[in-house]
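Colleague: Below, each chain spelled out in residue letters.
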Amino acid sequence: DGGITQSPKYLFRKEGQNVTLSCEQNLNHDAMYWYRQDPGQGLRLIYYSQIVNDFQKGDIAEGYSVSREKKESFPLTVTSAQKNPTAFYLCASRHGGAVGYTFGSGTRLTVV
Amino acid sequence: DAKTTQPTSMDCAEGRAANLPCNHSTISGNEYVYWYRQIHSQGPQYIIHGLKNNETNEMASLIITEDRKSSTLILPHATLRDTAVYYCIVKLDGQNFVFGPGTRLSVLP
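Just so you know, the protein sequences line up as chains A and B, in that order. Residue numbers for the first sequence follow our numbering, so the first one is 1 and each next one is one higher. Residue numbers for the second sequence follow our numbering, so the first one is 1 and each next one is one higher.
Here chain A stands alone, though its shape is the one from the complex (with noise of 0.2 Å):
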């Protein structure tokens, strides 16, 4: 079945170290998204990739990078500098053209 993976479903770091999270999908879609989610709150955009290879910043993208090398991979990576990076990570893709947003089931990232 088509769909958009994300592991690890839990992580759990130190505090200063640099965090890749990784988002799969399988759907052909061409735009990939990446959401922060505070407990009670909303989904605030972090980075999105609408092509191979280009990506641009969302709304709260400072800590944060992306690659976007391949169509089917938009791996996030939360560094250091980010300086509450305890959230819950939602990926999601998106066919150009198509109105709706496919989501991974998040991961649950924990400094310490």
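It is possible that some hints are incorrect.
For the chain B half of the interface with chain A, some residues (derived, Cβ under 10 Å), not all of them [to be verified]: (1) Y34; (2) Q42; (3) G43; (4) P44; (5) Q45; (6) Y46; (7) H49; (8) V85; (9) Y87; (10) F97; (11) V98; (12) P101; (13) G102; (14) R104.
Residues of chain B clear of chain A, computed beta-carbon distances all greater than 12 Å [as the list claims (entries may be wrong)]: (15) N23; (16) S25; (17) N53; (18) T65; (19) R68; (20) T83.
These aren't lab readings, by the way, just hints derived from the structure by calculation. Even glycine gets a Cβ: it sits at the ideal position worked out from N, Cα and C.
Could you slot chain B onto chain A? The hints should help.
Modeller: Just chain B now, with coordinates in the frame of chain A:
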């Protein structure tokens, strides 16, 4: 972008219809109304969307007022598994989505 306003929370008895309102008084003519829901600790799930006409699918119905300034998502026979946060989003086709705090629906036995 049109701003949306939703109640913070709602309760609904199991088996009854759940009617979730959304105000979007600044909506423009080409902006769609989308509804998603998020069950705890999962990614949001698409429910339904519409432009001007009322829409129905296997999950829900979407009623959009004639002036398009508000809409209502209807879950005709709510079950406990419909307990979730419901997001109303107004966007032009192709624009990035913004997910506000939504409405927390609790379906009670």
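Colleague: For each hint, tell me whether it holds in the structure or not.
Modeller: Structure-based check of all given hints:
Hint on B:Y34 holds. Least Cβ distance to chain A is approximately 7 Å, under the 10 Å limit. Interface hint at B:Q42: satisfied, since its Cβ lies 6 Å from the closest Cβ of chain A, which is below the 10 Å cut-off. About 3 Å separates the beta-carbon of B:G43 from the nearest beta-carbon of chain A, less than 10 Å, and the hint is met. A hinted interface residue such as B:P44 counts as satisfied when its beta carbon comes closer than 10 Å to some beta carbon of chain A; here the least separation is about 5 Å, so the hint holds.
About 7 Å separates the beta-carbon of B:Q45 from the nearest beta-carbon of chain A, less than 10 Å, and the hint is met. Evaluation of the B:Y46 hint against chain A yields a held restraint, the C-beta minimum of about 4 Å falling below 10 Å. Contact between B:H49 and chain A, as hinted, is supported at the beta carbon level, the nearest pair being about 6 Å apart and thus within 10 Å. The closest approach between the C-beta of B:V85 and any C-beta of chain A is roughly 9 Å, which is under the 10 Å cut-off, so the hint is satisfied.
Taking 10 Å as the C-beta cut-off, the interface hint given for B:Y87 holds, the closest approach to chain A being about 7 Å. The beta carbon of B:F97 comes within 6 Å of a beta carbon in chain A, closer than 10 Å, and the hint placing it at the interface holds. At a threshold of 10 Å, the smallest CB-CB gap from B:V98 to chain A is about 7 Å, leaving the interface hint in force. The interface hint given for B:P101 holds, since its Cβ lies 5 Å from the closest Cβ of chain A, which is under the 10 Å cut-off.
The interface hint given for B:G102 holds, since its Cβ lies 6 Å from the closest Cβ of chain A, which is under the 10 Å cut-off. Interface restraint check for B:R104: the shortest CB-CB distance to chain A comes to about 9 Å, inside 10 Å, so the restraint holds. Interface exclusion of B:N23 from chain A stands, the closest Cβ pair being 16 Å apart, more than 12 Å. The Cβ of B:S25 lies farther than 12 Å from every Cβ of chain A, with a closest approach of about 20 Å, so its non-interface assignment holds.
Distance to chain A confirms B:N53 as a non-interface residue, since its nearest Cβ pair spans about 15 Å, more than 12 Å. For B:T65, the condition that its CB be more than 12 Å from all CB atoms of chain A holds, with the nearest at approximately 21 Å. Every CB of chain A lies more than 12 Å from the CB of B:R68, the least distance being 17 Å, so the non-interface label holds. Chain A leaves B:T83 outside its interface by the beta-carbon criterion, the shortest separation being 15 Å against a cut-off of 12 Å.
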